[in-house]
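**Q** Sequence:
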Amino acid sequence: MTTAICPGSFDPVTVGHVDIIRRARKMFDHVIVAVLVNPTKNPSFSLEERIGLLKRATKEIDGLEIVGFDGLLADYARTRKATVLVKGLRAVSDFEYEFQMSLTNKKLNPELETVFLTTSAENMYLSSSIVKQIAMFGGDISDFVPACILKDIQDRLCK
1 MTTAICPGSF DPVTVGHVDI IRRARKMFDH VIVAVLVNPT KNPSFSLEER
51 IGLLKRATKE IDGLEIVGFD GLLADYARTR KATVLVKGLR AVSDFEYEFQ
101 MSLTNKKLNP ELETVFLTTS AENMYLSSSI VKQIAMFGGD ISDFVPACIL
151 KDIQDRLCK
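Residue numbers for the sequence shown follow full-length UniProt numbering, beginning at 1 and rising by one.
Hints are computed from structural coordinates only; laboratory data are not their basis.
Pairs of lysine-lysine, DSSO-like flavour, derived with a Cα cap of 30 Å: (1) K81 x K55; (2) K26 x K81; (3) K151 x K26; (4) K26 x K106; (5) K107 x K41; (6) K106 x K81; (7) K55 x K41; (8) K107 x K26; (9) K106 x K55; (10) K132 x K55.
Please put together the full structure from these sequences, using the hints given.
**A** Set out below in structure tokens:
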């Protein structure tokens, strides 16, 4: 059985995130969606809220485990016996950073491979930062986040 990890801050979760998670689940037996605690960021949603939003947004995808974690991803993968990281790529700029992180994680955990999934064409421009910016200015984010969590995100972010 192959266990993969889809890591991210998911602040907030977008339809692009759900697409990558769904596609990863088709490829691997068990997928852990690991919600990162990043001490250098000030998230709009708490760790518990992000986990809850992700659980609701992915409830129809079997074989997922959604957890929060802090620390080194390579160490976390080792403790969970995960051998694959799945990362979504939107653009070349994503690749440059993710490639560097892939090499670092491989150095820290030689058993760990990184699989890059290109984003679906309709989500190439989409990011949590863009969703937050649109919402904060009162724009319509309904095409960018799962419908089941839209109100939660609007209530938190919209002016």
